[in-house]
Amino acid sequence: MANDESQVSGPGPGPQSPIVNPQSSIPRVGVFVCHCGINIAGVVKIPELLARDGVMPGVAVTKDYKYCCSDPGQEMIRDSIKTDKLDRVIVACCSPTLHETTFRNACAEAGLNPYQCEIANIREQCAWVTEDRDKATDKATDIIRTTKAKVENDLPLEAITVPINKRALVVGAGIAGIQAALDIANAGYEVVLVEKEPSIGGHMAQLSETFPTLDCSQCILTPRTVETGRHPKIKLMTYSELDSVSGYVGNFKVKIRQKARYVDFKTCTGCGICLEKCPGRNESWFERGLVRGKAIYRLLPQAVPNKPVIDAKSCIYLTKGKCGNCAKVCPTGAIHYDDTDKFVEEEVGAIVLATGYQLFDAAKLGSYGVGLVPDVIDGLAFERLLSASGPTSGDVKRPSDGKVPKKIVFVQCAGSRDSTNGMPYCSKICCMYTAKQAILYKHRVHDGQATICYIDVRTPGKGFEEFYKRATDDGIQYLRGKVSKIFRQGDKVMVWAADTLAGRKVELEADMVVLATAVIANPDGVALARRLKAQIDTHGFMTEAHPKLRPVETLTAGFFLAGCGQGPKDIPETVAQASAAAAKVLAMFGNTRLTHSPTTAQVDEEICVGCGYCERTCAYEAVKVDPAKNKAVVNAALCEGCGACAVACPSGAMTHKNATKKAIFQMADAF
Amino acid sequence: MTKYTYYPGCTLYTKARSLDLCARKAAEKVGFQLVEMPSWNCCGAIYNATSDDLAAQVGPVRNLAKASQLGSTLVTLCAACHNVLKRVQNRLDQPGNEVESERLKTFVDEKYERPVKVLHYLEVLKNEIGWDKVKEKVTKPLGKLKVASYYGCLMVRPKEVLSFDDPENPKVMDDLMRVLGAEPTRFDFKAECCGGYLVVNRRDVAKGASQKILDNAKAWGADAVVTTCPLCQYNLDKLRALTDGALPVFYFTQLLGIAVGLGQDELGLEHNSGDPVGFLKSKGLL
Amino acid sequence: MDPPPSKAIRLLQLGRASELLESDGIWMCASCLVCGTRCPRAVDYARIAEACRAIILRSRQSRVDPDTVTAPDLEEIPQQAFIAAFRKSSV
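Chains as they are written, first to last, in our numbering: chain C, 6 to 676; chain S, 2 to 287; chain B, 2 to 92.
Treat the hints with caution; some may be incorrect.
Simulated DEER-style distance windows between Cβ atoms [stated by the list, open to error]:
1) C:Leu506 - B:Arg42: 16 to 22 Å
2) B:Pro67 - S:Ser73: 34 to 40 Å
3) B:Thr71 - C:Leu506: 38 to 44 Å
4) B:Leu22 - C:Glu471: 43 to 49 Å
5) S:Met2 - C:Asp504: 41 to 47 Å
In short, the hints are calculated from the structure, not lab data. Computed from a prediction, not measured in an experiment: that's the story for all the values here. Glycine residues also receive a C-beta, built at the ideal position from the N, C-alpha and C atoms.
Using the sequences provided together with the hints, build the complete structure.
As structure tokens, then:
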């Protein structure tokens, strides 16, 4: 046969017996038809199908079984390979995405090369799309006939193996990234942890206390951040961003941009004198606009690493050439105004994406008066007011005049569950954190009155419903009805809401309004996903490989997910998911080599003229024209076997293993 | 000077005639001419939302057909007429709606020559003339008069059809006020309903709604309110108690007229309640 | 407004339309369209209220009698208000 270029470089998937049937020029094909209960058998007329298959030339045996994927079903196939001396197997059943691996492993155990076993999908592509039994049987016959044409052309292939660089990259050092990094590092592997802010901890560092335990957020976070900062296996790169990734699973080359900090972290002692003397003003995202920060800043007193950076846009020296106070007062001379961005290259085997979330910009909610009416703030801003290290040292005060609010209205679903603004989903955490914020407010302001306007109260976690009851027991008033409008009256904030359980409209007069705004995917994370060609959904959240069974993997091998970057979730779930992602990484690192499917593209060098169309077509950068030979060369480890290059090749030099042009034409002729 | 086919509507033609005249004169100063469409008929004053009542659409369709014979735009000043005509035009020219559209056109003698773009006077100022040109014509800037711009509901909703401004936070009239030298204040009730036609049989509702609007304008420090609809102007102006500190309610064309130099007798100030002349004099605008 | 839009729709969902048709609330609607603009599901309650009113008006029942309008009001109130009010609430 032509194109006999199977590569042998290591063991294939599953245990193997020695090959019992040497390659004969007339393949003996076994056709196994699965009933799949009544899924297939209820539509396709199986006895008729078997009769038709049986008379096809080259089909040595036909068998059927109720559930081929079961142990007896697989046993039947293995036995038949041996007794009927089969060297090709077709299993007519469900989609190959479900059981191709199952049946290929079964064949391998019986001594047949797994790549000479093909699936004929007569369920999703046949029995599940029609109720007409005759049409279904005819189509099933055609499907099997074409599959037979393919399998007869299949060569025995061996899986490719690649080495694994047992180092991981974790992008994002919020609680998700920190947890994943610690789990991987504690297993003994090196982790590069990249964080775009000057210090780690993410949004959890902004919180005051966490639900449902009312643990102080910093108290439970800082043990982790400190451990991360001093872990011998974690290379922490803060104020850095992932720029690009090349390579493939087990062998990634990543380029990280280390932004100019203007502070030398090696000589800086974190004494903080520069912070006191800086006159420049920075919009502090950390304080949610409640106060402005300084141009040289650290996010919080317990920052890890506890070194400040200079925000170039708001630094008077860097923009106008005046000031320079920080350099003057720094006792170790750690300020370097001539700092520049640097690029660092690292090599890793696995990447965990933990880019987190942001809150929707409440100013876009037209009728809520944000930006117009003072004292209307969002949930994270209220956290900063509650936080002991926040702008008011934990005293709840109105941003407008510093007075203590005696009545606060909390508005749930501010932007979420709204199909008219592109966020039809529930943000999951707001019901709980609003209850928490109301409880904390009442702890601080004993005669304060809290009203929560809600549509539903969602309390799905452990201890959550009890926490909600605690809120109502504390005298917090819950009004069922979405808030329609927020406006100003004198120095009060007026809220138009509803009490649908009592059946009436209400107008509330408050001193302050806190909006539980929708959780959205971090826009920087979305931009990164686009650069890396990682999948994101319509809302910008990263897509998992399977929503039920593979929640921490992606369809890009080697990329894993953790935290709110994949979807809104609370801290317990984030930590669980981060550890799960770490477990997947460690499972990968537990192998000596990684296997890769051998059904890749291949070049016939006698025909190839080095035109480069294939290189331009390949989405995985798996084929490049070698300038020395002027021939295309396929990197089988990167090739995902999509076939695009074979289609693009104008001379026909590029073919696809086990999907050659000859095979495809024979499949078409088989109709 | 660009000429636009103009549809005044019943109220501007009679009870608010002086406002209509002031609008036309101000237009000429700014650089365009409103040519009243001959033998127009009532637009219906409110859009009929039922999908099967085609008879209610015939009046507006006839106006659009007549307008289409004179050109491809129709300018309205009254927000209610604008709302009705624009929504009917949208329905008439909606792709996929041809069967109903043809049926409607058969009830009208005049032929619907081409799709008509229904523009509001403010749209003409913003998009056709441009704020820069309007600013050039301002000879008496309004001395930073604190003005709350009240749009009402018909100017900005439904947002899919009345799409030239934001349905909760519109800006076009505020922009005009700024161009004229006034200072548009923040205002939470820009597009809340004044009660509209409920003044006929539920005056209490209209009064309550209007009072809320005026209270909020005052809370933000406005000295006056400008409107774009004769009914809104009536509700806000006439239903309130005329106490000290009650805000005067002007039609935006009246302030436009002052800014482009119309004489006091050309502004239709007899239409406003209270003492509009005294108020304007006290602000140095007359 | 009694019943408010949320209750009105609930009545319709439960097949209790007659209670809605007998209510005051549907006549209070001024078609200002704030309801549909703010609703997160874009439910157009103004249109539902219009349909309810149409059902009653088409059975030849007026809600407002033109004879109740006083002469001074007729003088003062802009006629667009009368046209709109009577189109919405009388036959």
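Of the numbered hints stated earlier in the document, which are not met by this structure? 5
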